[in-house]
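Enquirer: Below, each chain spelled out in residue letters.
Number of protein chains: 2
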Amino acid sequence: MTRKELIDNIYRKRSFLCVGLDTDPKKLPEVITTNVTNDDPVFSFNKAIIDATAPYCVAYKPNLAFYESMGWKGVRTLERTIEYIRVNYPDQFIIADAKRGDIGNTSRLYARSAFEHMGVDAVTVAPYMGEDSVTPFLGYEGKWVILLALTSNKGSHDFQLIENKEGTPLFESVIEKSKEWGTPDEMMYVVGATQGRMFEDIRRVAPESFLLVPGVGAQGGSLEEVCKYGMIDGQCGLLVNSSRGIIYASLNEDFAEAAAREARKLSDQMSKLLK
Amino acid sequence: MTRKELIDNIYRKRSFLCVGLDTDPKKLPEVITTNVTNDDPVFSFNKAIIDATAPYCVAYKPNLAFYESMGWKGVRTLERTIEYIRVNYPDQFIIADAKRGDIGNTSRLYARSAFEHMGVDAVTVAPYMGEDSVTPFLGYEGKWVILLALTSNKGSHDFQLIENKEGTPLFESVIEKSKEWGTPDEMMYVVGATQGRMFEDIRRVAPESFLLVPGVGAQGGSLEEVCKYGMIDGQCGLLVNSSRGIIYASLNEDFAEAAAREARKLSDQMSKLLK
Chain A
1 MTRKELIDNI YRKRSFLCVG LDTDPKKLPE VITTNVTNDD PVFSFNKAII
51 DATAPYCVAY KPNLAFYESM GWKGVRTLER TIEYIRVNYP DQFIIADAKR
101 GDIGNTSRLY ARSAFEHMGV DAVTVAPYMG EDSVTPFLGY EGKWVILLAL
151 TSNKGSHDFQ LIENKEGTPL FESVIEKSKE WGTPDEMMYV VGATQGRMFE
201 DIRRVAPESF LLVPGVGAQG GSLEEVCKYG MIDGQCGLLV NSSRGIIYAS
251 LNEDFAEAAA REARKLSDQM SKLLK
Chain B
276 MTRKELIDNI YRKRSFLCVG LDTDPKKLPE VITTNVTNDD PVFSFNKAII
326 DATAPYCVAY KPNLAFYESM GWKGVRTLER TIEYIRVNYP DQFIIADAKR
376 GDIGNTSRLY ARSAFEHMGV DAVTVAPYMG EDSVTPFLGY EGKWVILLAL
426 TSNKGSHDFQ LIENKEGTPL FESVIEKSKE WGTPDEMMYV VGATQGRMFE
476 DIRRVAPESF LLVPGVGAQG GSLEEVCKYG MIDGQCGLLV NSSRGIIYAS
526 LNEDFAEAAA REARKLSDQM SKLLK
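The listed protein sequences derive, respectively, from chains A and B. Heads up, the first sequence is in the numbering used here, so the first residue is 1 and it goes up one at a time. Heads up, the second sequence is in the numbering used here, so the first residue is 276 and it goes up one at a time.
It should be emphasised that the hints constitute simulated quantities derived from the structure, not laboratory data. Quick caveat: nothing in here was measured; it's all calculated off a predicted structure. Just so it is clear, CB atoms sit at the ideal spot from N, CA and C, and this is done for glycine as well. There could be a bad hint or two in this list.
Straight-line distance between alpha carbons at most 16 angstroms, and here's what the computed EDC-like set of lysine to aspartate or glutamate pairs gives [what the hints assert, rightly or not]:
(1) B:301 - A:116
(2) A:179 - A:131
(3) B:440 - A:163
(4) A:165 - B:455
Interface residues of chain B toward chain A, partial, derived using beta-carbon atoms under 8 angstroms [unchecked claim]:
(5) 385
(6) 423
(7) 427
(8) 437
Can you build the whole structure from these sequences, using the hints too?
Expert: Here you go:
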């Protein structure tokens with residue numbers, strides 16, 4: 001999906017919501033697990049969540065850890081989930097939240113996995129190993145790298161804020177350097193919603209880039225703050241993710257309706273905030 | 276596997292070789308791919324490589340990218356490979372080279388995948404997201420985190436060498452900080468063989484830790500230099516990995532014998548260097 005298509009989808013749907021499909025196979029509604037004819041309960045759950053939330057979001061982000069925890073069968077479930085979105089909701093932007101990154105020779109294989117095998121639109125990549133670990137993910141037409149910059153977790157303070165001799169924190173060095181590798185038409189950054197005013201610093205170094213923003217909801221980030229400091233007028237420039245707050249809004253029979261309700265609530269807020 | 280068991284294996288076999296099972300499904304010997312009854316050619320290849328090299332090494336390190344590039348079927352092949360080593364060569368230390376790392380909630384799932392599902396001894400972890408992305412991998416008895424410190428690739432210079440205001444490069448900050456999270460009985464570091472004399476700096480901050488050393492062979496690192504600056508007397512403290520140099524020593528019918536020959540060559544050198 002191109003940048004223009006993504007922006008068009010956002011303004012058409014008046015939403016920049018990304019639903020995180022972080023489905024823990026050990027945490028499913030009883031109505032799903034007690035269905036004895038169900039040979040792939042995680043897929044059934046995802047399918048119901050997707051059907052319920054698709055009107056309110058523009059992107060889905062399965063985190064690969066949740067699927068890998070079930071071994072190869074989980075990876076098959078992931079592939080079925082991606083295929084289901086692709087076929088039934090072709091205007092959704094699909095992000096493999098993988099946080100991959102390895103030497104060039106090996107990152108090429110991860111890129112093959114994400115873009116050629118799974119067929120997602122974007123993959124999250126960890127920057128620690130530098131240029132040749134990131135660039136193999138670039139150069140696929142209409143595909144995106146989403147590079148970790150300033151993450152939403154407590155541990156983000158351990159290394160990402162370390163300042164170099166000129167006072168530049170690591171996450172800014174990551175953005176500055178990576179701008180030499182890819183354009184805002186093919187590279188986004190992960191910036192946690194929990195980072196509040198840091199979005200001003202981010203926008204100083206990445207004025208045009210889309211930001212993938214986790215941390216709204218269960219992790220406590222504020223949507224208003226993110227938009228105030230992070231939104232780009234007329235282009236949005238944000239994909240705000242919520243995972244647990246939506247998919248686990250209820251674990252009762254109404255789990256899908258509850259997910260839709262939470263997604264719609266966020267989408268309504270986004271509609272008002274969209275400039 | 277405990278640290279003592281690993282060290283015992285190294286001195287018994289007079290080798291600290293780790294064979295990297297980076298099997299590219301698109302690069303297999305003809306004798307494997309033309310076997311029409313073969314429904315899992317990568318596994319057949321791995322099996323032959325493992326049987327041929329096991330006498331000369333103490334560890335195997337499949338890199339997950341190569342298996343994921345084939346989707347869920349590749350992950351099934353990976354699981355079969357790990358199971359094969361576990362059953363037939365129980366004294367081998369198995370490393371899932373995954374370079375994972377995510378927020379705590381998610382890293383826990385990656386740990387579940389590596390240690391509970393695949394049953395490997397160790398997993399490589401990327402440090403960018405800090406403490407809560409790493410610690411969920413710790414606390415499994417006899418299991419290890421191998422944290423990226425100073426990698427073997429060109430891109431390692433982009434961020435890992437950035438010095439903070441006190442002149443400490445990032446990779447040293449990573450080691451210093453992570454020593455608060457885990458002991459040398461459960462945490463190793465990745466240090467590329469291509470980094471030569473930097474091993475002196477590493478040993479200053481991590482005098483007791485095992486180092487997983489890629490980059491000998493195809494990437495050009497020197498085994499002698501690594502041992503001169505990195506070895507710990509009486510404990511070795513090194514696992515030196517070779518992937519392509521061994522598994523792709525030949526693509527002809529003699530591929531397994533060629534792999535054994537290369538592994539033996541390295542193992543013979545290691546025997547002489549082992550103090």
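Enquirer: Now, for every hint given, state plainly whether the structure supports it.
Expert: Status of each hint after checking the structure:
With a CA separation close to 14 angstroms, the supplied pair residue 301 (chain B) and residue 116 (chain A) stays within the 16 angstroms bound. Distance hint between residue 179 (chain A) and residue 131 (chain A) is fulfilled; the C-alpha atoms sit about 11 angstroms from each other, no more than 16 angstroms. As the CA atoms of residue 440 (chain B) and residue 163 (chain A) are separated by approximately 7 angstroms, the hinted pair is consistent with the 16 angstroms bound. Distance restraint check for residue 165 (chain A) and residue 455 (chain B): the Cα-Cα separation of roughly 25 angstroms exceeds the 16 angstroms cut-off, and the hinted pair is therefore not satisfied.
Given hint, residue 385 (chain B) at the interface with chain A, holds; its Cβ is 5 angstroms from that chain's nearest Cβ, closer than 8 angstroms. The restraint placing residue 423 (chain B) at the interface with chain A holds, with a minimum CB-CB distance near 6 angstroms, inside the 8 angstroms limit. For residue 427 (chain B), the shortest C-beta to C-beta distance to chain A is roughly 7 angstroms, which falls under 8 angstroms, so the interface hint holds. For residue 437 (chain B), the interface hint holds, since its Cβ comes within 8 angstroms of a Cβ in chain A; the closest pair sits about 5 angstroms apart.
The structure fails to meet hint 4 from the earlier list, while all remaining hints are met.
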